[in-house]
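Chemist: Residues per chain are reported as follows:
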Amino acid sequence: MVAPEQHAGHLENASAADSAHAPGPAAGAIKIVVATDCGSTTTKAILIQEVDGVFRQTHRGEAPTTVEEPFADVTVGVTNSVTELEELSGRRLINPDGTILRRTSPTDPNGCDIYISTSSAGGGLQMMVAGVVRQMTAESAKRAALGAGAIVMDTIASNDKRRPHEQIQRIRELRPDMVLLSGGTDGGDTKKVTELAELIAPAKPRPRFGGEYSMPIIFAGNKDAAPGVRKVFQHGGFDLSVVDNLRPSLENENLGPARDRIHDVFLEHVMAHAPGYDKLMRWSNAPIMPTPGAVGDILQAIARGRNINAIGVDIGGATTDVFSVFGPHFNRTVSANLGMSYSISNVCAEAGMANILRWVHLTQMDERELRNRVKNKMIRPTTIPQSLEALIFEQAVAREALRLAYIQHREFATNLKGVQQQRTVGDTFAQKQGGSSIVDSLALDLLVASGGVLSHAPRMEQTAMMLVDAFEPEGFTELAKDSIFMMPHLGVLASVHERAAMEVFERDCLIYMGTCIAPAGTAVWGKPVAKYSIDGVGQGTLLGGEMKRFALAGDARARAEIAPEKGLDVGAGPGKPVTREIRGGTVGLILDGRGRPLVLPSTREECRTAMDSWVKALDLYPS
Amino acid sequence: MVSMIDSVLVSLTLAAQDAAGAGADGATAPAAAAESFFVSGRGALFGWLVVISVFVLVSIMKARAGKVFKVRPIAGLSAVDEAVGRATEMGRPVLFIPGIQDMDNVQTIAGLTILSRVGKTTADYDAHIEVPVSRSLVMTAGREALSASYLAAGRPDSFNEDQVYYVTDEQFGYTAYVSGLMVRKKPAACFYMGQFFAESLILAETGNSIGAIQIAGTAETSQLPFFVAACDYTLIGEEFFAASAYLSGEPDQMGSLRGQDLSKALVGAVLVLGVVVMTVGALAGGLVDLGSVSRFFQSLVGG
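As you go down the protein sequences, you meet chains S and H in turn. The opening residue of the first sequence carries number 1 in this note's numbering; numbering runs sequentially from there. The opening residue of the second sequence carries number 1 in this note's numbering; numbering runs sequentially from there.
Hints should not be assumed to be uniformly reliable.
Stated by the list, open to error - In silico lysine-lysine, DSS-like type, Cα no more than 25 Å apart, as pairs: (1) H:K70 to S:K432; (2) S:K616 to S:K527; (3) S:K566 to S:K576; (4) S:K204 to S:K231; (5) S:K531 to S:K566; (6) S:K566 to S:K548; (7) H:K185 to S:K191; (8) S:K531 to S:K576; (9) H:K186 to S:K191.
As the list claims (entries may be wrong) - Rough simulated footprint, nothing fancy, chain S against chain H, three-plus residues with beta-carbon under 8 Å: (10) 72 to 85; (11) 89 to 96.
Just so you know, the hints here were simulated from the structure itself, not pulled from any lab data. Glycine included, C-beta positions come from ideal geometry on N, C-alpha and C.
Kindly generate the complete structure, drawing on both the sequences and the hints.
Modeler: Rendered as structure tokens:
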């Protein structure tokens, strides 16, 4: 239990945040929704309407975001983007004073029932987290912050190999929107948690917005340490709130209260101090959510609704976000230096030119040519490919950026560490360690792509191939892409009207590209890896190193029977056949016989030849 | 047995009689005893000794020259950080027991090498470690090892020599003390690294009952099942020494470890070959002279 007076303060704050937005009608009365996502550069608006008893996204508008000068008011961009909706739909959505128009009755031809929004403008939500042990409470704090949609600027821990003066220096350099402090199990350590507070307090981290703004500190650690922590932060311009411990015991993780408080603080402090957001909050019928937090929410809702495991990826210019839902576990990672424009040089440095070159099938492109293209992209980061060679180069880099981001995600999304194991004598030679990755490619059901290089690829086959090469899905995996990056809008809509969000997600948000079937295990190239029998496609044998694509249009479903060779697994165990229904899509069915983990030929010429055969098999580029 | 004096000719006469007293006798040719440095029938063993020595020496030389040998990850070692981290988060001590034998026991020495690693981690995490011992010499060596670990971690000021203390030489007096300590202080991480006897199950079960992460390591085969069942991780026999070599990182220990592994692989291969040849011979039914093959392999393994 937290201290009573502090807990009461938390509740007061929460209700204050809730009351900042306009109350909306009951879910049953909602028929028309306007949703916006205020990004760093553009504000995207969508109109969702109930058509024949089903919610559909009907129109979309876009306008530049206006957080910066000369406007310095986010609502100007919102109004502009909704005005475009108005023009496209023929429905009046803006009042003469620029606010969002609401319907007065169910038959009113103008206005909407609710208006909702997400925001990542101005760099989104930036946080610093701290915990006693880096792999335990500090990692849980990082998970809570990332799950709430934040960018974690740094993680301070008592075992992070930095001296106290280095830690203080680092805290002083950062300009976070808030700090999440954790540490100690309930009834556990108090000394080191208080020491962490004593590092943060004298460092006096300054918030990004507003000089008068008190730095919010959320304490989600050992309840016994709360009085000591409160004493440390009582002076010096901090706004401390205490919530339930996010690791009450090392066997349990309780991220909910900390995440909720992060959202509240985001609204009360960050949004309230950002230009125009006080107005935007009053317009909105639901709390404004950080964009990545909303994406995570909708992915969780979909995974829960369909009872599947899902991964979502959003590759941007500077960062790549990976979201995963495996069973009850949700994880999000932000790979801060993996992106397709500002971070492209870092992708090349981390992956190595040889690894990028292996995805290029052109004879005329060598390492020198690649380096020149990287340098050009560094000089003009926002350019888009103007030639086929430039497109192939970008997609090769994207494969490596996605692959590295996925590796980071797998390393982060793990079981809890520091948990006591119960053994039997049967475990003598197989003592599995705690902290193993939750992400299991063989158990993955749905892989969703978004972000420029994936969403705007000229052919769907290219998007599908980038996903398959980077994520190496095993067994049966559906591939989809977010058509117009609508997931943030639907994430916040799910908090108000879950059915509407689900219906739009399935019908308009996702474009299903099809299903990838890939036996896991070492494939001998040229030798059979699996026999297949697919309704409407036929029967055959898949060879090692081979890729095949069969058209399976739209929402078509087909029964597929896959019998892998000995030692290869498609989900039922090595060598065991699997029969299940598969979903078609714009690409269709992809059979991948390259084996997992994917090992490409070591010599450049062999690798290029192999890549060339896959390009032809999937018809990736014009010949 | 017949004693023979060097250079004196000796002839042996043997007589056999049946129950009725009838029998036959015979005598051997005269023979003289000569001094011998080698038992000629054990030549194969000498050959093995040479091969193993070459493996070990070459491996040590390679390690000294800077060659890095890959040691398979040992779960028990990787879990040290996790165990110490748990103690840090829970605000409880770490308990380390280096067996109940003295410094003349190789398992105690291996245990103290692992204490160095655990001590460095506790120093890094600023956690508290307690090392009760049952031999005075082990206390002195343990203090030295722990002091060096705190120094290596850059926290010499955090080291307190009273963290390593002597309890009693008596096996069950020591066990009773450590069990009581566990129940009172509830350490969150317990390490048992060394030679243990009947006290192994008492200690491991007590540690399990207080919810500690437990990591054990011993070459005492009779105690391994208890540790495996009651502890989170167990370094089994050879792993215990391998861990010690891996942690110390000394070229001599690493080279020795690799040399021994190569020797074991060779012996294993000869055994498998022998089994295969004998099996094929038996199945072929008279095509192979099993007696001579058997004698060949027996001589090869020094039998």
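Chemist: Does each hint fit the structure? Answer for all of them.
Modeler: Quick rundown of the hints versus the structure:
Proposed proximity of K70 of chain H and K432 of chain S is supported: the alpha carbons are some 20 Å apart, at most 25 Å. Straight-line distance between C-alpha atoms of K616 of chain S and K527 of chain S comes to about 20 Å, which keeps the hinted pair within the 25 Å bound. Annotation: proposed proximity of K566 of chain S to K576 of chain S holds, straight-line Cα distance about 8 Å (limit 25 Å). Annotation: proposed proximity of K204 of chain S to K231 of chain S holds, straight-line Cα distance about 15 Å (limit 25 Å).
As the CA atoms of K531 of chain S and K566 of chain S are separated by approximately 12 Å, the hinted pair is consistent with the 25 Å bound. With a C-alpha separation of about 21 Å, the suggested pairing of K566 of chain S with K548 of chain S holds against the 25 Å cut-off. Simply put, K185 of chain H and K191 of chain S have alpha-carbon atoms about 17 Å apart, close enough for the 25 Å limit, and the pair holds. A distance of roughly 11 Å separates the Cα atoms of K531 of chain S and K576 of chain S; the hinted pair therefore holds under the 25 Å criterion.
Under the criterion of a C-alpha separation no larger than 25 Å, the hint pairing K186 of chain H with K191 of chain S is consistent with the structure, at around 18 Å. With 8 residues having a beta carbon nearer than 8 Å to a beta carbon of chain S, the region 72 to 85 of chain H meets the requirement of three or more and the stated coverage holds. Note: the region 89 to 96 of chain H has 4 residues with beta-carbon separation from chain S under 8 Å; the three-residue rule is met and the coverage holds.
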